[in-house]
Amino acid sequence: MSKMTLKTEGDTHVIVTRRFAASPEAVYRAHTDPKLIQQWLLGPEGWTMPVCINEARRGGKTRYEWRNGKGGGFYLTGEYLELEPYRRIVHVERMHLPDPTPDNHIETRFDAEGTGTLMTMRMTLPDAQTRAAMLATGMEYGMEASYDRQEGMI
Amino acid sequence: MEGLNAAFSALADPTRRAILARLAEGEATVMELAQPFKMTQPAISQHLKVLEEAGLIVRRIEGTKRPRRLAKAGIQAMDQWLAMLRKALEKNYDRLDEVLAGMEQNKKGKKR
Chain V
1 MSKMTLKTEG DTHVIVTRRF AASPEAVYRA HTDPKLIQQW LLGPEGWTMP VCINEARRGG
61 KTRYEWRNGK GGGFYLTGEY LELEPYRRIV HVERMHLPDP TPDNHIETRF DAEGTGTLMT
121 MRMTLPDAQT RAAMLATGME YGMEASYDRQ EGMI
Chain S
1 MEGLNAAFSA LADPTRRAIL ARLAEGEATV MELAQPFKMT QPAISQHLKV LEEAGLIVRR
61 IEGTKRPRRL AKAGIQAMDQ WLAMLRKALE KNYDRLDEVL AGMEQNKKGK KR
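Line by line, the protein sequences give chains V and S. Here the numbering used here is used: position 129 in the first sequence is 129, and no number is missing along the way. Here the numbering used here is used: position 30 in the second sequence is 30, and no number is missing along the way.
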């Protein structure tokens with residue numbers, strides 16, 4: 001059984017769901033506490049997040065910087081629009097590659113489900129074109145991850 | 001096997017991957033494809049030729065226009081990419097599972 005789903009919806013949405021064996025409070029904290037975020041939001045093996053700013057309040061800013069240890073890296077900035085502690089986060093974010101990508105508007109819900117949590121992220125991109133470009137970027141990242149795995153296997 | 005290699009090298013270029021991702025949203029003309037990439041039409045046409053020869057996209061004739069869409073191999077490539085993106089995200093969330101388990105342990109430790 002796969003715990004995560006990833007699908008597109010309509011022309012501009014991407015929906016990700018994932019179940020966790022922890023309370024909504026814990027999952028919410030792992031998404032807003034820089035010390036916790038730095039431990040998991042890393043992508044492919046070998047990447048680190050040396051800078052993690054997360055001002056978890058309405059109007060607060062986020063800035064995540066990733067490095068691959070081989071001189072490569074990129075960063076993301078965002079702003080919080082709404083926070084309902086342990087239940088729901090609404091924010092906008094963009095990648096800097098280094099030119100900023102169009103804003104991705106994201107609503108994240110943390111719903112209690114039994115003893116665990118169902119997290120639902122609903123991303124809204126300005127148009128179909130931008131969504132396609134974002135998925136293409138994600139794919140590169142995915143490809144790198146699979147290349148790294150291949151290197152590891154050799 | 002040759003087709004697979006042609007597809008693989010066609011996909012080594014980020015612009016061509018982005019073109020494919022755009023075509024996953026539906027058929028598009030060369031002009032529509034050139035616009036978001038800030039590239040000239042001849043440059044885009046060159047990329048389209050590579051994708052076409054690799055069997056990833058096909059063209060249709062409509063008056064003076066030649067709209068492109070994904071071929072079956074192109075759709076399969078897109079499915080594979082989505083699977084890779086899914087894997088990369090899953091890796092993050094698997095790590096988050098461990099972080100959450102650690103938080104739970106800490107909480108228990110403090111209560112004792």
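For the record, the hints were derived by calculation from the structure and aren't laboratory data. Heads up, some of the hints might be wrong.
Ranges of calculated distance between the beta carbons of each label pair, as one might list FRET restraints [claimed, not checked]: (1) S/K87 with V/D99: 41 to 47 Å; (2) V/A21 with S/P14: 35 to 41 Å; (3) V/H13 with S/N92: 17 to 23 Å; (4) S/P36 with V/G46: 29 to 35 Å; (5) S/A12 with V/A21: 22 to 28 Å.
Since this is a predicted model, take the numbers as computed values, not measurements. Glycine included, each C-beta is placed from N, C-alpha and C at the ideal position.
S/P36 versus V/G46 beta-carbon gap, inside 29 to 35 Å or not:
Because 31 Å falls inside the window, the suggested range holds.
Against the range 41 to 47 Å, how does the distance between the Cβ atoms of S/K87 and V/D99 compare: consistent or not?
violated, 27 Å
Between the beta carbons of V/H13 and S/N92, is the distance compatible with 17 to 23 Å?
The hint (17 to 23 Å, Cβ to Cβ) holds, given that V/H13 and S/N92 are roughly 20 Å apart.
Cβ separation of S/A12 and V/A21, checked against the hinted range 22 to 28 Å
violated, 40 Å
Could you see if the CB distance from V/A21 to S/P14 stays within 35 to 41 Å?
holds, 38 Å
Of the numbered hints stated above, those contradicted by the structure are hints 1 and 5, listed in ascending order.
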